[in-house]
Structure formats: C-alpha cells, structure tokens
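Going left to right, the sequence shown walks through residues 1 to 178 as my numbering numbers them.
Misleading hints may appear alongside valid ones.
Cross-link-like lysine-lysine pairs, in silico, BS3-like; alpha carbons within 30 Å at most [unchecked claim]:
hint: 1; residue 1: Lys116; residue 2: Lys40
hint: 2; residue 1: Lys66; residue 2: Lys97
hint: 3; residue 1: Lys173; residue 2: Lys147
hint: 4; residue 1: Lys149; residue 2: Lys173
hint: 5; residue 1: Lys173; residue 2: Lys93
hint: 6; residue 1: Lys11; residue 2: Lys173
Hints are computed from structural coordinates only; laboratory data are not their basis.
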Amino acid sequence: MLHTKRLIIRKFSANDSNDLFEYLSLPDTYIFEPGNPITKEEAYNLCIERSKGDSFYAVELRDTHKMIGHLYFAQTEPIDFQTWELGYIFNPKFMNKGFCTESSKEIIQFAFNDLKAHRVEAFCNPLNDASWHVLENIGMKREGFFKEKAFFRRDSENNPIWHDCYAYGITSKDYLTR
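Just need the whole structure built from these sequences, with the hints factored in.
Next up, the structure:
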C-alpha cells in the first residue's frame, strides 16, 4: 500500500466493484482503451481477479475511501531487464484534479526506490492529450512514435481501425538525477 497526501494506492478488493463499474461502464472510457463498457457483475468479477494479481492497483481518496481510478503497473519480460510498464484509467468525475499524476508519480518513486527498477515505460495514443501530459508531468520522456501500432476496434467492414502510439520512458539514472 502506498500513500500520498490525498490518495491511497492499494490492491483491489471485491468492495471496489461499484466504484469500478462507475467508470468502466461508460462508453467514453474506451475511446483510447481496448474493451467495451462492463456490467456490474463483470465489475465484481474483475475486482476479484485483480485482487489476486500483482498488475492492477486501486487508487482511492484518503478522506472518503472512494476508489477513483486504477493503475496498471507490471514488470515486462525479460525479468532481467528490470522494466515495468505503467498505465491508468480514472473516473471522469475525478479527472483534471491531479490524481492521475499524483498516483503515477508515487508508483514511479516506488519502482525506483523499492523495486530497484531500471526503467519504467508507458504508451499512449497521441490524440490522448491528458495521458501524455501526465507522463511528461511525472518526468517521463517521449522516446518514440509508432505509426499505426495497434487497433482496438474494427469498422463496419471488419477492417482494423489502426491508431498511432507515443512511447514514453524513464530510467533509474534519469529519475535519480532529475
């Protein structure tokens, strides 16, 4: 469990399902993400699944204990490279208040200080201004641009709708010297 001035970053629990449903049931959540809006039952099952894993972290407000978003933070292969990937989704009701930046900054600090990570990386759609602003605000550098890297949707004729991607990264050396 990690703490910031306003937030707690912790493992998921079944009790998070209503808060998770609140934002993963919204179609707009999936503009830059794979998947589709989920049901309450799917939210509950997702919380149970995430509570057993080590890749997803609930972000809750310290004062109300409401879960307002989540972080994806997982070590990538090969393990010897000591690299973790960061991702996030937040409830739109709590966007533009610095919560994503605050929690992402804390997990990066945890990566370098406690996990002894060599590198943290993240990827986002160039059209997702809010996401790449968060990455730059937490000290990550834009390292690349991938044209038509992936797709999450298909058009009416079943053709992939490709999207571009920015790659961001920060190394332990860069983190410790900034």
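Consistency of the hints with the structure:
1. Lys116 / Lys40: Since the Cα atoms of Lys116 and Lys40 sit roughly 38 Å apart, the hinted pair is violated (cutoff 30 Å).
2. Lys66 / Lys97: Holds - the C-alpha atoms of Lys97 and Lys66 are around 15 Å apart, at most 30 Å.
3. Lys173 / Lys147: holds, 29 Å
4. Lys149 / Lys173: holds, 28 Å
5. Lys173 / Lys93: Distance ~36 Å between Lys173 and Lys93 Cα, so the pair is violated.
6. Lys11 / Lys173: holds, 28 Å
Checked against the numbered hints above, the structure violates hints 1, 5; every other hint is satisfied.
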